[in-house]
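Engineer: Sequence:
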Amino acid sequence: MSELEKIAIEKAKEAVLLDQQGSREAAIARYREAIQILSRLISLSQSPVLREVYRERLRQYMDRLNELTISSPARMVVKQSAGGGSETSFEPITTDVKWSDVIGLETAKQAIREAIVYPWVRADLFPLGWPTGILLFGPPGCGKTLLVAAAANEVNATLYTLDAATVMSKWLGESEKNIATLFSRARADLSKGRPVIIFVDEADSLTSQRYLEVGGEARARNQLLKEMDGILNKNKKEYLYVIAATNKPWLLDEAFIRRFQKRIYVGPPDSTTRLQLFRHYTSNLRLADDVDLEEIARMTEGYSPADIYNICLDAHISTIREMFDKGLEEPRKISMNDFAAAIAKRKPSISDEVVGRLMEWARRFEAS
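For what it's worth, this note's numbering labels the leading residue of the sequence shown as 1, then goes sequentially.
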């Protein structure tokens, strides 16, 4: 194993460890270092097998780097205590995602501005209070997390994430205790003069209909409902928000649904938004003259924003792969054929059946 490869492995291990610990910025830096070294290894290696291994690792790290860069809010960290049990801490961050990073979704953005931004700027205009419970529902990869991050950044809010799947899988019998701890911490943070947002991701994992529940789930669910009742007290005007996201809103209990004054559908992008997404993701790429982004947008009906990002990434990487394979100094411009090949290899991650079911739920429960 070469010295350069040892360094790449070490950087990658550090990145993964920091990622698992919730140290987002440090993980991003290590992933970038690992990517740079892997790119160098691809150009130097004489072995086709090793080059392919390096390329696969490069793709994995670039995918994870993108997730951390554009959509990773604060999260909880579960640590082992000296006695062998688990100890949960919550590490909030302030995001740097801007509204301009959220392409399309104008209806959803406006609804969130009305609930979070406007009351923060002019509370005197809201004698009846403002919505503090917001439910975002829609297919995966369509921007729900980005919306939350942008809203938090707009008002310089402290952002916490309550990952429902992790609650049920790792917290065991302490679920309700840790939910109470999180809300207590969030209320204490209000004294710092900043809004606080608790983002409940994969809400359906925690708040499924009652007939699906077992003991631990029921206790966690009831604790969450109790905490939300405290936030929704009509006599209070606090800047403490609960924003939940789900891909399967039909699994939610109606008692939970009622606690969200805003229920916003975050759906797949239309043709105009897909064009904006392609322009956004290719703005720093070198495109050949034959690239027709409007045609590419038409070719990708039913694709999510995450799918569109990956299409751009695949097309770009294909030119880098060609550069290394042919021993060129620089990659050529990305052509229309590169995009067509990327689209052909990547099917939409959203099915028509799921979209139809979400639209039906929206017709019954949406409140934006």
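Hints may be right or wrong, so weigh each one.
[To be verified] What follows is a set of in silico ranges between Cβ atoms, one per label pair, in the way DEER data are often shown: (1) GLN36 to ARG286: 18 to 26 angstroms; (2) ASN156 to ALA180: 22 to 30 angstroms; (3) GLY327 to ARG357: 32 to 40 angstroms; (4) TYR118 to ALA344: 40 to 48 angstroms.
FYI, nobody ran anything at the bench for these hints, they're computed from the structure. C-beta atoms are modelled at their ideal positions from N, C-alpha and C, and glycine is treated no differently.
Engineer: Give a verdict on every hint.
Structural biologist: Hints and how they fare:
1. GLN36 to ARG286: 18 to 26 angstroms: Cβ of GLN36 to Cβ of ARG286: about 19 angstroms, so the range 18 to 26 angstroms holds.
2. ASN156 to ALA180: 22 to 30 angstroms: 26 angstroms, holds
3. GLY327 to ARG357: 32 to 40 angstroms: Hint violated: Cβ distance 51 angstroms, outside 32 to 40 angstroms.
4. TYR118 to ALA344: 40 to 48 angstroms: 45 angstroms, holds
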